[in-house]
Every structure is written in structure tokens, then in C-alpha cells.
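Participant: Chains S and Z, in that order, are what the protein sequence lines are.
Start counting at 1 in the first sequence, then tack on 1254, and there's your number in this note's numbering.
Start counting at 1 in the second sequence, then tack on 1254, and there's your number in this note's numbering.
In case anyone wonders, no lab produced these hints; they're calculated from the structure.
Small disclaimer: the values here were computed from a predicted structure and weren't measured.
Hints may contain errors.
Identical chains blur together in the list; that is why a pair holds if it fits in one copy or across any two.
Restricting the straight-line Cα-Cα distance to at most 25 angstroms, the calculated cross-link-like pairs of lysine to any residue (SDA-like) are [claimed, not checked]: (1) 1263 x 1317; (2) 1275 x 1264; (3) 1275 x 1291; (4) 1275 x 1322; (5) 1275 x 1317; (6) 1263 x 1273; (7) 1263 x 1303; (8) 1263 x 1293; (9) 1263 x 1285; (10) 1263 x 1294; (11) 1263 x 1306.
2 protein chains.
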Amino acid sequence: MSTATYTVKGMTCGHCVSSVKEEVSEVAGVTSVEVDLPTGLLTVESDGPVQEADVVAAVEEAGYEVVR
Amino acid sequence: MSTATYTVKGMTCGHCVSSVKEEVSEVAGVTSVEVDLPTGLLTVESDGPVQEADVVAAVEEAGYEVVR
């Protein structure tokens, strides 16, 4: 099991958080997704290796941006 | 047909707008709902008389507040 963190830009409310969680949860291997709205911190737990690009793409699919 | 306007407080993004539109659309008699996010202006068109209290309750159900 591994944990990776990202910072997401543009979320303004609980609906935004839900959208990000929903999309990132669908990434292969992901077992748990947590989002802290005030800081934009996205914490992704997984069973095995997860492609960072897949997480970034999922965040963008939700309509937000990962800060590099 | 009549049109009433309200000011809604607390909406921060398009998801918020969707929630308000969805709830207010369910109020009896309402035929059209428009929301302007930057100003919070909610415009409600209806076939017949609509109870203001029902619109206010719908906005609150969505998680926001009508400014009086």
C-alpha cells in the first residue's frame, strides 16, 4: 500500500471536493481518496503503483488542476 | 406567467448553481429557473402563483440562503 499527495487548485466547495474524489477514486489501483478543501490537499492511497499522470488526468476531468 | 427574483448567498461554483436550480425547479408551479453565480441572482418563472416561502425553503434545502 502506498500513499501519494497532491495539491489541487480551484476547488471552492463540498461539491468540488465530491467531484475530485469521484474521479480520482476511479483511477486503477486507488483504494482511498481524501481531500482537504481549505488547503487543496489530495491524499491518494493505493494497493499498488498508481500513475501520477492518471491522477492528474482525473483531477482535470473533474474540472480542476494539480499544482506542480 | 410571472417572474420573481431573489438573491442567494453562499454559492461558490457551478455545482452550487446546479444544486439551487435543481431544488427550485421542483417547487410547484415553477417553469424556469436561472441563476447568476457572481451576483447570486435567482430568477424564477412560473405558470401561476408560487409561494415565496417554498422557494426560500428549496434554496435552503440545497444548502444556501436567500438574502432578504
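Participant: Against each hint, give a clear statement of whether it holds in the structure.
Facilitator: Against the structure, the hints:
For a Cα distance limit of 25 angstroms, the shortest separation of residue 1263 from residue 1317 qualifies both inside one copy, at 10 angstroms, and across copies, at 23 angstroms. Taking the shortest alpha-carbon separations for residue 1275 and residue 1264, both the intra-copy value of 14 angstroms and the inter-copy value of 22 angstroms come in at or below 25 angstroms. Taking the closest pair of Cα atoms, residue 1275 and residue 1291 come within 25 angstroms of each other both inside a single copy (11 angstroms) and across two copies (24 angstroms). With identical chains, the CA atoms of residue 1275 and residue 1322 are at most 25 angstroms apart within one copy only, with a shortest distance of 19 angstroms there and 35 angstroms across copies.
In this homomeric assembly, residue 1275 and residue 1317 come within 25 angstroms of each other (Cα to Cα) both inside a single copy, at 12 angstroms, and across copies, at 20 angstroms. Taking identical chains as interchangeable, the C-alpha atoms of residue 1263 and residue 1273 lie at most 25 angstroms apart whether they share a chain (13 angstroms) or sit on different chains (22 angstroms). In this assembly of identical chains, the alpha carbons of residue 1263 and residue 1303 lie at most 25 angstroms apart only when taken from the same copy (24 angstroms versus 43 angstroms across copies). In the homo-oligomer, the alpha carbons of residue 1263 and residue 1293 lie at most 25 angstroms apart both inside one protomer (9 angstroms) and across protomers (23 angstroms), since each shortest distance falls under that limit.
Taking CA atoms no more than 25 angstroms apart as the test, residue 1263 paired with residue 1285 passes inside one copy only; the shortest distance there is 22 angstroms, against 36 angstroms between copies. Proximity of residue 1263 and residue 1294 under a CA criterion of 25 angstroms is satisfied in both settings, with 6 angstroms inside one chain copy and 23 angstroms between copies. In the homo-oligomer, the alpha carbons of residue 1263 and residue 1306 lie at most 25 angstroms apart inside one protomer (16 angstroms), although the nearest pairing across protomers, at 37 angstroms, exceeds that limit.
Consistency with the previously given hints is maintained throughout, with no hint failing.
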